[in-house]
Amino acid sequence: MLTYILRRTLIILLMILLVSSMIFLLFRTMPGDPTASMVDPSIPREARQALLERYGLHESLWTQYTIFMKDLVRLDFGSSYFYTRPVLDVIKDRLPATLILMFTAMIFAYAIGIFGGAWMAWRRGSKMESVGITFGLIFRSAPTFWVGLMVILLFAVRLRWFPAQGMRTTGYEGTTFREIFLNLDFLRHLVLPALTAGLYFLATPMLIMRNSMLEVLSEDYIEMAHAKGLPERRVLYHHAARNALLPVVTAGALFIGSAIGGQVLIEVVFSWPGLGREIVQAVTRSDYPLAQGSFIILSTLVMVMNLIADVIYAFLDPRIAY
Amino acid sequence: MKRKRLAVVLFVGVMLAASTLFAAGRQEVATTQDHGPLVPNLVILSSLPESNLVNYEMSQELAEELGKLGVNMTAQPTDFSVLLDVIYGEAMDYDAYTIGWSGRVERLDPDMFIYSINHSSNANPGGNNTERYMNPEFDALADAQRSEMDVNRRREIVWEAQRILAEDVPRVTTYSRANVQTYNKNRFTNLENMSGEGLFNEWTPMVMEPLTDRRVPVVASNVNITNLNPFMARSVYDWRNLRLIYDKLVRLSVDVTPTAWAATGWNVVDDTTIDVTLRKNMKFHDGNPVTTADVKFSYEAYMAQKDSYFASFVAPIDSVELIGEDVIRFNLKYAYAPFITTTLTQIPILPKHIWSAVADVTLYNNAHPIGSGPFEFVRFRNGEELVTSTYKDYFHPVKIDGYIFKIYASPEGVLSDLQLQVVDMVSYDLIPAHTNQIKANEGGRYSHLQITEAPDIGFFYIGMNMLRPPFDNKAFRIAVAHLVDYDYALDVLLDGYGSRGGGGLVINAANEFWHNPEVPIYDTYDPAKARQILSDAGFTWDAQGRLRMPK
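Chains A and B, in that order, give the protein sequences. My numbering applies: residue 292 is where the first sequence begins, and numbers increase by one. My numbering applies: residue 129 is where the second sequence begins, and numbers increase by one.
Hints are computed from structural coordinates only; laboratory data are not their basis. Worth double-checking, as some hints may not be accurate.
[Claimed, not checked] Across the chosen pairs, the derived CB separations fall in these ranges:
#1 177/B with 432/A: 19 to 27 Å
#2 322/A with 399/B: 41 to 49 Å
#3 408/B with 437/A: 56 to 64 Å
#4 468/A with 517/B: 23 to 31 Å
[Said to hold, decoys possible] Covered by chain A, per the in silico footprint, the following chain B stretches (three or more residues, Cβ under 8 Å):
#5 198-205
#6 346-360
#7 500-514
Cβ coordinates follow ideal geometry from the N, Cα and C atoms, glycine included.
Could you put together the complete structure from these sequences and hints?
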């Protein structure tokens, strides 16, 4: 087991180097250089040259690459062109808002999805099952921005139960994590975006759970459990669901890995100050350091979470050994 | 029998085809001698429809109109940064494009739209004259207005320069947008919508009055603030706040006259020497006095930064001297008429005691800006809001207690918060759909909102590379000016919120003082006339209907 984890970690490190190089190249082959969005065209062209030199963009691609790689090894992602602040600081600013939103949505989706999926497999062929599937698929296929707008229209504008925009009431005071996030005002702002995101994510765990439950339910040991006269609920959740959970765990782990990217459309509709919007903006205005940093962290998380999912497998299913 | 008939039909068909081909070939030989070279195939780089639908549509229209005249033009939607790369690039490899100049307040001075974008000295790669317009007669006028310190004489020169541009048509202005913005009229009054600036101009926060006990207005923005360091701030949105936290020697009043502000007045000693007297007893927000040394330091710091937002405004300054206790003398390298209207109105006064201690001003975070302006910085949460409070010791009385600049991700979000009265005013131009929705006021849900409209001095246009045929031909450019449907752009694409364009129009009617009412000369959509103009100029059409250059 330990050697397996070690080997995988080594592969991940190699992959990160490869991915980073690809990201580096991709941004530089993207048309338009960063000064185009940084400099107002009405300022003298010497200014543009001065900017290129400030950011080392006048150097050859190879020189830029070696500097980038050297810094990366020291976990230095550089400074954002626009914020003139270290990339990690900018990301740290926005990350909590994104993660809290994504995890709330995930807990909502996976709690309902896992139990709902298991229950739907149990009640296969019933009307309730088709209602459940249709419900999940509708929110999976409806554009999230549209669902978001409808949710705002209903709960914020018509009923006025929850605020429509942002994550705190305008003019709030607070600088620390506790002051910003741990209070009722924040929770009230969290409800609508989390609901919208949660409804969107719901179908994945629910349908995966249902499918894998259907497979498990046809196994001999389930029949055995029935034959032993165990109550239905115990067979369903204790014997069957535990084994059916494996694919859901993978999906969940990958979800966490990509959660840092957030749901850009939801962040836009609710003016949620998350990292997703920041990444999109960094790409569109060619803020190389910020965009590179975000994508490298994003891909690293996906790979690490993949590894964690594989390890959890071994615990959930004793038949799997590495 | 059937087969035989088929053979006959085939034979006749082949013979007919051959003879027409032969005839066409002969005609071709005969006619090419009477024609000039073909008008080359053209590409117009347009905006992507999602970034500017009007520009996108207008270039499609132009390509279609030129097609009817026998010119093959392709409209190619292009990302904005790529477009800038191409038109400012070394290769100067392009035919035509659509783009615009935004109507920022400092562009009310005619220097930008007359000199910077039309003078031949800016026609080399990287210069702002991306049409590569070169006319010595015009250059002489552009130079003269720059050094004419008498405003009325300068206006005459600027008017003449506009007339030449309207005749030469280096670009075809397609439309200008209007600044349509809204605020809560039940809560605040005395807000003025300023051309090119909108409601959240530098005066509104200083003069607006609360009508209720809500004394801190919430201003909605759809763009984030990125940088509060005055040496690194590069967006209008950053500056709309920084100019209220930092003070300036001169400010442009709502009717755009330069008004002494942190200065008590200025004296033009001669064309290249300007003395400015600093107002007494001003203090920075941290209690330190504002002195002439701070002013000198600020201007010199900007002169040392080659890539700052204000680089072109401080470029004419040779040196800054202090005379006596409260006079700052600016020695210019050359006479520069916009000095008072743009340079003095833009450069912020920074506290020397803070900035001189910073090793590299460009790397300084400036997390808590200290200025001497009417509003004090309180806090900024990236992507959420900037909070300010009114500076109690300011020399000009301010009636609100501060303002909150709230950042939204979409105009739809702002609209719902306008309805819920979370927001008191917007700081950007409403999209026409939202303007119409507010005006329709269905169910009375927008009754508390006041729509205001100010014409914009900025403009959007079709640029033509005059180093290349056919755009090197003046008649062809004039013909293009007749192929643009100005009314379609304004009435259909902009829902009427804006103003019409025209050939060579750079200073529009919104800029009342500087606009020459006799321009534009060519501003009607008339394809038949375009055909006539081309024909009169010696353009011809060959047998295939393709347009050919004059011989």
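These are the hints, each one checked on the structure:
no.: 1; hint: 177/B with 432/A: 19 to 27 Å; in the structure: holds (25 Å)
no.: 2; hint: 322/A with 399/B: 41 to 49 Å; in the structure: holds (45 Å)
no.: 3; hint: 408/B with 437/A: 56 to 64 Å; in the structure: holds (60 Å)
no.: 4; hint: 468/A with 517/B: 23 to 31 Å; in the structure: holds (25 Å)
no.: 5; hint: 198-205; in the structure: violated (count 0)
no.: 6; hint: 346-360; in the structure: holds (count 6)
no.: 7; hint: 500-514; in the structure: holds (count 6)
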